[in-house]
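*Asks:* Chains as they are written, first to last, in the UniProt record's numbering: chain A, 1 to 493; chain B, 1 to 226.
Hints are computed from structural coordinates only; laboratory data are not their basis. These numbers were taken from a predicted model, which means no experiment stands behind them. Glycine residues also receive a C-beta, built at the ideal position from the N, C-alpha and C atoms. Incorrect hints may appear among the rest.
What the hints assert, rightly or not - Derived CB-CB ranges, DEER-like:
| # | chain 1 | residue 1 | chain 2 | residue 2 | range |
| --- | --- | --- | --- | --- | --- |
| 1 | A | 82 | B | 17 | 15 to 25 Å |
| 2 | B | 115 | A | 85 | 13 to 23 Å |
| 3 | B | 109 | A | 287 | 24 to 34 Å |
| 4 | B | 127 | A | 106 | 29 to 39 Å |
Unchecked claim - Covered stretches of chain A (chain B as the covering partner; in silico rule of three or more C-beta atoms under 8 Å from a C-beta of chain B):
| # | region |
| --- | --- |
| 5 | 198 to 205 |
| 6 | 281 to 292 |
| 7 | 297 to 309 |
| 8 | 321 to 331 |
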Amino acid sequence: MTTGTGNIVAPLPFPTAARRELADGQLRANLRRATHTIRDKRLRVVGEVPDWPALRRSGAAIKDDVLARLPELLEQFEAAATAAGATVHWARDATEACTLVTELVQRTGSTEVVKVKSMATQEIGLNEALAEVGIEAVETDLAELIVQLADDTPSHILVPAIHYNRRQIRDIFASRMPGVDLDKLTDDPPALAEAARRHLRAKFLSAKVAISGANFAVAETGTLVVVESEGNGRMCLTLPETLISVVGVEKLLPTFRDLEVFLQLLPRSSTGERMNPYTSLWTGVTPGDGPQTLHIVLVDNGRTETLADPVGRQALRCIRCSACLNVCPVYERVGGHAYGSVYPGPIGAILSPQMTGPDAGANRTLPYASTLCGACFDACPVRIDIPEVLVHLRQRGVDARRGRPSAERTAMRALAWTMRDRRRYAAALRAARRGAAPLRLVTGARGQVRRLPWPLSAWTASRDAPLPAGRTFRDWWAGRDRTGGEGTGGDRG
Amino acid sequence: MGTVDRSARDEILARIRAVRPDEPVSVPREYRTGPVAGGTVGEPGEAEAAALDGELIELLVDRLVDYRATVRRCAPQDVPGALAELLGEVPTVVVPPGAPVRWLSAYLGRIRRDGDPEPLTVADLDAPGVAVVTGCAVAIAQTGTLLLDGAPDQGRRLLSLVPDHHLCVVRAGQVVGGVPEALARLADPTRPTTLVSGPSATSDIELDRVEGVHGPRRLDVLVVTD
Ligand code: SF4
Numbered sequence: 001m002t003t004g005t006g007n008i009v010a011p012l013p014f015p016t017a018a019r020r021e022l023a024d025g026q027l028r029a030n031l032r033r034a035t036h037t038i039r040d041k042r043l044r045v046v047g048e049v050p051d052w053p054a055l056r057r058s059g060a061a062i063k064d065d066v067l068a069r070l071p072e073l074l075e076q077f078e079a080a081a082t083a084a085g086a087t088v089h090w091a092r093d094a095t096e097a098c099t100l101v102t103e104l105v106q107r108t109g110s111t112e113v114v115k116v117k118s119m120a121t122q123e124i125g126l127n128e129a130l131a132e133v134g135i136e137a138v139e140t141d142l143a144e145l146i147v148q149l150a151d152d153t154p155s156h157i158l159v160p161a162i163h164y165n166r167r168q169i170r171d172i173f174a175s176r177m178p179g180v181d182l183d184k185l186t187d188d189p190p191a192l193a194e195a196a197r198r199h200l201r202a203k204f205l206s207a208k209v210a211i212s213g214a215n216f217a218v219a220e221t222g223t224l225v226v227v228e229s230e231g232n233g234r235m236c237l238t239l240p241e242t243l244i245s246v247v248g249v250e251k252l253l254p255t256f257r258d259l260e261v262f263l264q265l266l267p268r269s270s271t272g273e274r275m276n277p278y279t280s281l282w283t284g285v286t287p288g289d290g291p292q293t294l295h296i297v298l299v300d301n302g303r304t305e306t307l308a309d310p311v312g313r314q315a316l317r318c319i320r321c322s323a324c325l326n327v328c329p330v331y332e333r334v335g336g337h338a339y340g341s342v343y344p345g346p347i348g349a350i351l352s353p354q355m356t357g358p359d360a361g362a363n364r365t366l367p368y369a370s371t372l373c374g375a376c377f378d379a380c381p382v383r384i385d386i387p388e389v390l391v392h393l394r395q396r397g398v399d400a401r402r403g404r405p406s407a408e409r410t411a412m413r414a415l416a417w418t419m420r421d422r423r424r425y426a427a428a429l430r431a432a433r434r435g436a437a438p439l440r441l442v443t444g445a446r447g448q449v450r451r452l453p454w455p456l457s458a459w460t461a462s463r464d465a466p467l468p469a470g471r472t473f474r475d476w477w478a479g480r481d482r483t484g485g486e487g488t489g490g491d492r493g
Numbered sequence: 001m002g003t004v005d006r007s008a009r010d011e012i013l014a015r016i017r018a019v020r021p022d023e024p025v026s027v028p029r030e031y032r033t034g035p036v037a038g039g040t041v042g043e044p045g046e047a048e049a050a051a052l053d054g055e056l057i058e059l060l061v062d063r064l065v066d067y068r069a070t071v072r073r074c075a076p077q078d079v080p081g082a083l084a085e086l087l088g089e090v091p092t093v094v095v096p097p098g099a100p101v102r103w104l105s106a107y108l109g110r111i112r113r114d115g116d117p118e119p120l121t122v123a124d125l126d127a128p129g130v131a132v133v134t135g136c137a138v139a140i141a142q143t144g145t146l147l148l149d150g151a152p153d154q155g156r157r158l159l160s161l162v163p164d165h166h167l168c169v170v171r172a173g174q175v176v177g178g179v180p181e182a183l184a185r186l187a188d189p190t191r192p193t194t195l196v197s198g199p200s201a202t203s204d205i206e207l208d209r210v211e212g213v214h215g216p217r218r219l220d221v222l223v224v225t226d
């Protein structure tokens, strides 16, 4: 079975990466404010829906039904989308998906494409692949644009530039945005949004090709759905001649009616709004309205591998709302970059290692990026029992190494034993640091503790590799796929 | 793309067949799919239905105002006056092919109808001082959402996207309680459909909400009641 590749491989063991991020006070303050603001809003709008528990149960069951009938539903989707005028392509992994999309863009003759924020295209490393053949991919979501102009990577699924404040964003625009009007550019958010509007409007009006993901794909009708706020999605989905949509195979819903559940669950869980400003639904091509050429690329990239695990497969229900990030005490402290994958936080900790298999990079350490407090499960709109999967993956990681004697195996086993059930773990935490918050265990009093107390000490002792000398974590992370190091998924088309 | 590589398709489908769960799943649907207003749930009788309609409109207006849309209410005969007032000094108004002529009978500026004689270009729509007036397919009270499905009084998607000012006319009979009723009302779900909830917005900079990025920065809603 082919495993997933691309930007889903943690290059560093989680504690090592976390320690680096913890030193960034700005990041921590921003994250804390962001996660708390969004989660308070979420609680308010979820509280006004009396049938929320029933919606969650339906959402989980619909997704489980999709996983049980996935081959039939994919064929049904392909047939419906094709009948409506789309061309459906299939990609086994990130490399294949990038190659496919690159060829499709090259065929149009365009050297610039506009993009709607999409986790799937970040996962497969599409922008990098396009850049290699001289095609510029312009991110049009404001936060993605900030991150792209800064040559950085997103730190949150939903608010990717949350680690920058307004002054920093102004400076990024001033130095990196071509043709920006410096006289009008202040650090006032409306002025910054206006600068982005002007910069991108020219791109929207001239672009011939757009690339999107999809939040949902309806098998019954062949319909794709994109949920967004700014209108950049509508621009990309409406104005260009050619649209290429990259969609994970698990994004399916059986029927159009199922959207009635997910269009309630997603906005409230995600941005804490009753409804996001814009949702676009389109089916194939419509003469005289929107792109006249539509390519849909269905991507596996390790999803099958994930589906094979009866406990872990529930991670494929995920609708990428990021509610679990916002309630996670670990994420709040370390931020998205520490997880080394485009999927951060609790969902990343169970999704990345399953998609790649445990031997990719340091992904086997990701299931330990949790205190098993259970807040993620309570917040999850599709009832993914993340703590259950975390414990399961820890155990699986240890079992896989059985018979291969190594210091690490012993360490992982000690850790797994400790973390296998919540009570034992809680006791270890208490022993470790009386009365302190769980994360103090990893970070220490000044965020610099190098070892965990027994029984976790063996693990830190063996995994706690220092950063490569003379390079920052960001540099190293950004450059890792070009150096061809191990576990990089360095397979860009 | 002339040919599609079938081997990836067949391999992925075979892999999934080999590992997927074999238990069939039954999907419970105990959530609300019927009328709702202000959080109440239930099947209304005739008297309640009339009261409910009033409540739904109150709720819709409340939600739209919360998104910082401009909301006006008027009787059917007052639509032209109300629209002219909302448009104020706007020099050019764009309308979809099937928008009722009387809507703009009191408006004094220039009116351009899409497809009459030619389809409007993006440059036409992007010109300064252009507003667009459309109807909608259905509106959701609970979430303050307008659904546009490309019917003749709504037109192509770019009409309600590129101009910086969108006015939407909602008839009382188009207002439903929640998301399930609204989706069930769509005549053809495979038509390009857009759900609009307030003006375009971003919270990407320090979570400060800024109205208006790429979609229309001003959204006016005219609710027509008897
Ligand atoms: S795991 Fe659940 S809470 Fe987390 S992003 Fe996915 S759907 Fe949202």
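*Asks:* Each hint: holds or not?
*Replies:* Taking the hints in turn, this is what the structure says about them:
Checking the proposed 15 to 25 Å range against residue 82 of chain A and residue 17 of chain B shows it holds: the Cβ atoms sit about 21 Å from each other. In this structure the hint that residue 115 of chain B and residue 85 of chain A lie 13 to 23 Å apart at CB holds, the actual value being about 21 Å. At about 31 Å, the CB distance of residue 109 of chain B to residue 287 of chain A agrees with the hint of 24 to 34 Å. For residue 127 of chain B paired with residue 106 of chain A, a C-beta distance near 34 Å keeps the hint of 29 to 39 Å intact.
Under a criterion of three residues with beta carbons nearer than 8 Å to beta carbons of chain B, the stated coverage of the region 198 to 205 of chain A is upheld, 4 such residues being counted. Counting residues of the region 281 to 292 of chain A whose CB falls under 8 Å from any CB of chain B gives 8; the rule of at least 3 is met. With 5 residues bearing a CB less than 8 Å from a CB of chain B, the region 297 to 309 of chain A meets the requirement of three and the coverage assertion stands. Interface restraint, the region 321 to 331 of chain A with chain B: violated (0 residues with C-beta to C-beta distance below 8 Å; minimum three).
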